[in-house]
Amino acid sequence: MMHLLYSIFVDPFVQMGAAPDLLVQTLWDGLVSGVLYALIALGFVLIFKASGVFNFAQGIMVVFAALTLVGLAEHGVPAYVALALTIVVMLVLAVGVERLILRPLVDQPEIILFMATFGLTYFLIGLGELIFGGDPKVMIAGQLGLPSGSYRITMAGGYVQLQKIDIAAAIIASLMVAGLGILFNRTRIGRALRAVADSHRAALSVGISLEQIWVIVWFAAGVVALATGIMWGARSDVSFALETIALKALPVLILGGFTSIPGAIVGGLLVSVRQKVGEFYWGSLVGGGIESWFAYVIALVFLLFRPQGLFGERIIERL
Amino acid sequence: MSERSLDTFPRLLLQHAAVRPEHPAIREKDLGIWQSWTWSQVAVEVRALAGGLAELGFRRGDSLAIIGDNRPRLYWAMTAAQILGGIPVPMYQDAVAQELEYVLQDAGIRFAIAEDQEQVDKLIECRERSPGLEHIFYDDPRGLRHYSQAFLRSIDAVQELGRGRSAKQPDFIDSEIEQGKAGDVAIMLYTSGTTGKPKGVCITHSALINAARGGCGFDRLTADDEILSYLPMAWVGDNLFSYAQSLLAGFTVNCPESGETVMTDMREIGPTYYFAPPRVFENLLTQVMIRIEDAGAIKRGMFHYFMGVARRCGAEILAGKRVAAGERLLYALGNVLVYGPLRNVLGMSRVRVAYTAGAAIGPDLFRFYRSIGINLKQLYGSTETCAYVCLQKDGQIKLDTVGIPAPGVEVRIADSGEVLVKSAAMFKEYYKRPDATAETIDAEGYFHTGDAGFFDQDGQLKIIDRAKDVGKMANGALYAPNYIENKLKFFPHIREAVAFGHGRGMVCAFVNIDIGAVGNWAERRNIPYSGYTDLAQKPEVYALVRECVEKANAELALDPALCDSQVHRFLILHKELDPDDDELTRTRKVRRGFIAEKYGVLVDALYSGKTSQFIETQVKFEDGRSGKVSADLRIEDAKTYPPATARKAA
Amino acid sequence: MAVGLDSGKKIGGVVLGLEGITLSFGGVQALQDVSFDVREHEVRAIIGPNGAGKSSMLNVMNGFYQPQQGVIRFRGREHCWMRPHAAAAMGIARTFQNIALFKGMTVLDNIMVGRNLKMRCNFLLQALRLGPAMREEIEHRRAAEEIIDFLEIQHIRRTPVGRLPYGLQKRVELARALAMEPAVLLLDEPMAGMNLEEKQDMCRFVLEVNDHYGTTVVLIEHDMGVVMDISDRVVVLDYGRKISDGTPDEVRSDQAVIDAYLGVAH
Amino acid sequence: MLYREVGQYKTSYAADQALLPILQDKIGIAVLLLIAFVGVPLTASDFTLNSVLIPILIFSLAATGLNLLTGYTGLLSLGTGGFMGVGAYACYKLMTLFPHVNIIVFILFSGFFAAAVGIVFGLPSLRIKGFYLAVATLAAQFFLSWCFIRVPWLYNYNISASIEVPTKMLFGIAVTGPTATSVTRYLVVLAIVAVLTLLAANLVRGRTGRTWMAVRDMDLAAELIGIRLYQTKLLSFAVSSFYCGVAGAMLVFLYLGNAEPSSFDINQSFLILFMVIIGGLGSLLGSFLGATLIWGLPILLRHVPTYFGLSIESAKVDQSTFMILGALIIFFLIVEPHGLARLWQIGKQKLRVWPFPY
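As given, the protein sequences belong to chains F, V, A and P, one line each in that order.
First residue of the first sequence? That's 1 in my numbering, and the numbers climb one at a time after it.
First residue of the second sequence? That's 1 in my numbering, and the numbers climb one at a time after it.
First residue of the third sequence? That's 1 in my numbering, and the numbers climb one at a time after it.
First residue of the fourth sequence? That's 1 in my numbering, and the numbers climb one at a time after it.
Hints were generated in silico from the structure; no laboratory data involved.
Glycine included, each C-beta is placed from N, C-alpha and C at the ideal position.
Hints should not be assumed to be uniformly reliable.
[Claimed, not checked] DSS-like, lysine-lysine: derived pairs with alpha carbons at most 30 Å apart:
{"hint": "1", "chain 1": "P", "residue 1": "K93", "chain 2": "F", "residue 2": "K49"}
{"hint": "2", "chain 1": "P", "residue 1": "K129", "chain 2": "A", "residue 2": "K118"}
{"hint": "3", "chain 1": "V", "residue 1": "K620", "chain 2": "V", "residue 2": "K472"}
{"hint": "4", "chain 1": "V", "residue 1": "K639", "chain 2": "V", "residue 2": "K610"}
[To be verified] Derived list of chain A stretches under chain P, where covered just means 3 residues or more per stretch with a C-beta under 8 Å from a C-beta of chain P:
{"hint": "5", "segment": "93-107"}
{"hint": "6", "segment": "117-131"}
[As the list claims (entries may be wrong)] Facing chain F, according to a computed beta carbon distance under 7 Å, are these residues of chain P, among others:
{"hint": "7", "residue": "V38"}
{"hint": "8", "residue": "P41"}
{"hint": "9", "residue": "R127"}
{"hint": "10", "residue": "I128"}
{"hint": "11", "residue": "V135"}
{"hint": "12", "residue": "L234"}
{"hint": "13", "residue": "I277"}
{"hint": "14", "residue": "Q319"}
{"hint": "15", "residue": "A327"}
Chain F on its own, in the form it takes in the complex (with noise of 0.2 Å):
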């Protein structure tokens, strides 16, 4: 027993003094997954937003980009071609999402399009496989001009190592951050997004449609996919065992609260350090692979105290 409580709450630690700098790469670790994490996020928080829709597809979004991104270069396209064309892709699939799902399913109840996402996620994976394969593809990092390779910090008796890939994942996402923030804050597309967050019909006044403003941010949404997809590929592979990640995203969400982007960004940071150091340093404990359910854990006890999430707004319940 005592032996249990020592490796619980005091050997962790221990081992954090004795190695800062594993403590850090982890962390560092921790920090870039959260940043793929909190891509992901956002394009969840996106169609949120403004649809009201939780797109579980999200994750076989980003898949599916990538290896629409992957399979064209292997059909000989230049990379930027078939960067430019998988983004038309993704326009194309906003556009059908808007016309087969969420237009007949307007005014259901919110359940109800978050289950018409499942289909919408079994459709892809269906559709992904049987045009691309099932195979793991190798990302095109290098044709498209991302870094390889990784800068090296000693520190504290050993070193840290950071991938460049890494770097130009979080300047990436960090600029994909910052033009969404004037997509929303600065311009009339925003404001009429920002007003379908509040009310239907407040949208049409500002003269932009409904149906309009579905596509765009499924649109952004595809976009911000595919960067997502970029970025995981180059790190590990394209294949559907990322469409995964889309499941570990959703803690994320729910720290962060479904409707905003900070909190995205945040909770997907958070959620990703916790992880990355509880399975380092507690995983062993019970025999490891706990980074499958421990968010989910942190999550649902978080929810048990703040149902809204972290920056959610308070819901006050009226009859």
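With chain F held as given, fit chains V, A and P onto it using these hints.
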């Protein structure tokens, strides 16, 4: 108990309670299910009620007014009154207070049983002017909690009194039943009468039992039959079918939940024995036709195809005649696909015998029901003859006759063409009206029905009109207005028609369109309208009605005796004829004389060749308020056809 | 014709008392120190211009909102706040301004849900539908049917409420509340959005409920004619404060009420 | 057309509230049961029993469980696979600990373990709603999946990390394990599913079902009527998990014969959810229709083309199944959110009013 002693209704009740105590006697849809009472339970209830009535001073010869929808307790009240040697007087539930008051005074009624608050209110209103009404009992206490009048009691309270009485005097009821005689008046029904004030028709136990026994034997009714009783209790038909025959054969009477749910209740119960006046059959058919028009093209096509098959051979198959094997096969297929489901939707799947009477039924309508396998038959009778004069025999059904004289009935045609009837199932007298009684029953004991008719070559009676309405046109030709009106009314778009022609050179008519059928027709053609008056004056509607009139004319032209009765000119009335405005009787017969007087200006306009006429009329609304309806009525000519003599010659 | 209708009605002592109720939402004052009482068997109306805090008042009465200050006294017991289901168990039922029926269920099932508190059979017996559970179902079905009969909704018994027109839904909601056999019935704008005929029907039903079951009725209504016709006493709220309280005649002639109503453009 | 309801009147509430008030339905179900219990065992091939009927029945039961929670109580759960796993592993452990007790007892008893776990993961349901709750059930799914892999005690420290079902006898007949015939297993599964379905039907049309539906349709109003939300939701979680647990135990013991953690992963949860959505939320019949469609679809895709001399690679079949499933989900949500069960009902209604449209 021997057959001989079963000569009053109370004795019949005791007999069923003894022979089939557990057999359901009556059901009522209440609180969502069919509450049932067995014959023995009914006997107990009726005894209690009779005892209570006696306790409150109901004596031999007293009358008991009964007013309300068909409810078990109201039926029991009839038997209870009969046990005490009293006379139940059922009344129409939609009668207004004045009408009730007349009957209450005429029959000197001291006791009344009402269904609910609505009827109680009417009776209380009557009582203010006719204090002879000493006691009012009610079935449904809803809304009556704070009615503190001493003369008001619930039926439950009366039964409580009765139970108290039988505790003190256990053999009282039985001795009362013992005193009853077959010749006692069992019931008094007020005839609405097309002219004059209503008369109370006194019918004895023996007459009603004879009629019931004749009918039950004729159609082999047994205790296992089921009937839905939804027609007014004040009407002789309901008395014969739901009361007399049920008590004779022991079959089950089913009371619907409310007027709105009759169709649903009918579907649930699935009566084996069914009665309805032609207008009910007509409404049902109209609904069927409207609904099928809303069906998809394939189903609609299939429906019409198989209805065609049924028209060709359905009635013949039902009548057991020879039909080609191919047709028979098609009919069998149609039975699975259309007729069976249709009977099911109508609630008539189990109907073994269905009757219609009260007015002439359109041949198409009659044939429709027979062709889908429903054994619909016609009968002829009146209140005075216990609705028991002629019945159609299975296998000998004709569209335009009312069948052969029923067992035990003698029918004669007077020289004037009037139908005369003599039987054991006849009324005793008009209450306190010996003059009227003498007028209708002649020295030989024949009752003068007032209907004109003749026997055809098969010995079946054909009724053409009321005898007094049959007249002569200016050229001396026979004029039977009812016959013409019925021909018009057989068209689904025409609800009522009033013909004029006695002593005139040509026949003209008023028409009421059927707002349901024509309304639907107009909606399909995108003809907007705001209400009856507006719709009635649409040129399209006039064209529609003219088409009907001309078809009727073409048929009339074929009959040498009636070819002069073709309708030359017509107009569509601006309001629906209404019993509340005295234009129709409560049984919806047109009061031709009254109408001719009320709308004299329109009649004149018809015969003066005008093409339009302004009219303003007082109307009573349902809530008792009155108002005015006015309109400029169009008058149109209809094409007439030359007599068909030429064709006959050829 | 209600012959001698009022003769039998006996208004009893105070059944529900509210003292110094104060309620606010994040700085918005909904109710300020409101006190009034409801007597047994009476029809008590709460009126006031839009936003006067009428619905909030009902929500306090049945425990949906918790007042910051004040005491609710129900049948002699004091409560600072009642939990909604506790309020229901004590005999407070209500209907809602924006109909809160269970849309996916039939009329009969909605009413049967109202019987829920009266049903005792455990879950296992229900699953097996054994004797006691079956008897209980039937007993309560009968009770539900009596309410159906009372409110004249036999013809829609098996219809899912989502498919009913508005007026009938209101009636079904009343039926569901009645199924709870409440001592106090709170009606939030029972006649809102109805046509004249439906209003008359609903008035009749409210009075009959009050009369037949002896239920105390507290209602919010905008139609002044209706309020003045059917209520025994009226309390008037304006901007979360009570400005008048008394019989319809007293309230009608109260200057504060006249001012409040004239001051609000309708 | 087939429904001739005239004359089917009810003289008591008991008859009016019967499970199948219409005579034709009674006959239909009787015939169906007769075929299922007698006809099928006599005629069906091993393939039909093993690969079609047994799994369909088991998944129908799991879908019924999820439907009680999601369709009737309105609580979306993505943890079905996990709850099924609890049942399976509980049954396995019970069997190991008490090898002489009848296996059928354990299959049923394992449901209680699943119910207990269900209650624990249902605890957040009072505070959180909608997809937040769905996420909470995902936590259950991931946690339980992880347990099935990382807690070796559960699979008796088996090296392969899977559980193997030994042969167990009932009245001298093998019901589980490699020697049990498919007919025996089919009959056991059928009997359990039939009885549990009957119980579920009783529940949903009684007080419990009504409180569940009330909570689903409008939880605030339900509370104001005196329904205790917490108890109601937890009961729903418990009963739902019980059904899933039994289904999970049957899946391993009467169908698969051995279980790997992947049998109870998130994909299983989704599959069952899809069965419920396509079959019909809030309809027990729907659970069966959905399970039949979703299980039958790939079998059809695999076998039908061969009749026409075509052959499709099995990978392609899987991929098309995914696509069709996804499209079907969206289609049903748009066109008929109440799924196949509603289509069935509409068809039945059409037959009842035939030849009229209403």
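Given a cut of 7 Å on the nearest C-beta pair, is the interface hint for V38 (chain P) held or broken against chain F?
violated (38 Å)
Taking a Cβ-to-Cβ distance below 8 Å as contact, does the segment 117-131 of chain A have at least three residues touching chain P?
Satisfied; 8 residues make the cut.
Checking one constraint from the list: CA of K639 (chain V) to CA of K610 (chain V), max 30 Å. Satisfied?
holds (17 Å)
Interface hint for Q319 (chain P), Cβ within 7 Å of any Cβ on chain F:
Since chain F brings a Cβ to about 4 Å from Q319 (chain P), closer than 7 Å, the hint holds.
How about A327 (chain P): closest beta carbon in chain F under 7 Å, or not?
holds (6 Å)
Next pair to validate is K129 (chain P) with K118 (chain A); report whether the Cα-Cα distance is within 30 Å.
Given pair K129 (chain P), K118 (chain A) holds - Cα atoms ~28 Å apart, limit 30 Å.
Regarding the pair K620 (chain V) and K472 (chain V), is the alpha-carbon distance no greater than 30 Å?
violated (35 Å)
Agreement of hint R127 (chain P) with chain F interface, Cβ distance less than 7 Å:
This hint holds: R127 (chain P) lies near chain F, its Cβ roughly 5 Å from the closest one there, short of 7 Å.
Given the hint that K93 (chain P) pairs with K49 (chain F), test it: the Cα-Cα distance must not exceed 30 Å.
violated (47 Å)
Evaluation of the interface hint that places L234 (chain P) against chain F, nearest CB under 7 Å:
violated (15 Å)
Are three or more residues of the segment 93-107 of chain A within 8 Å, CB to CB, of chain P?
holds (count 9)
Hint check: is the beta carbon of I128 (chain P) less than 7 Å from a beta carbon of chain F?
The hint holds - I128 (chain P) has a Cβ within 7 Å of chain F, the shortest such distance being about 5 Å.
Violated hints, in rising order: 1, 3, 7, 8 and 12; the structure is consistent with all others.
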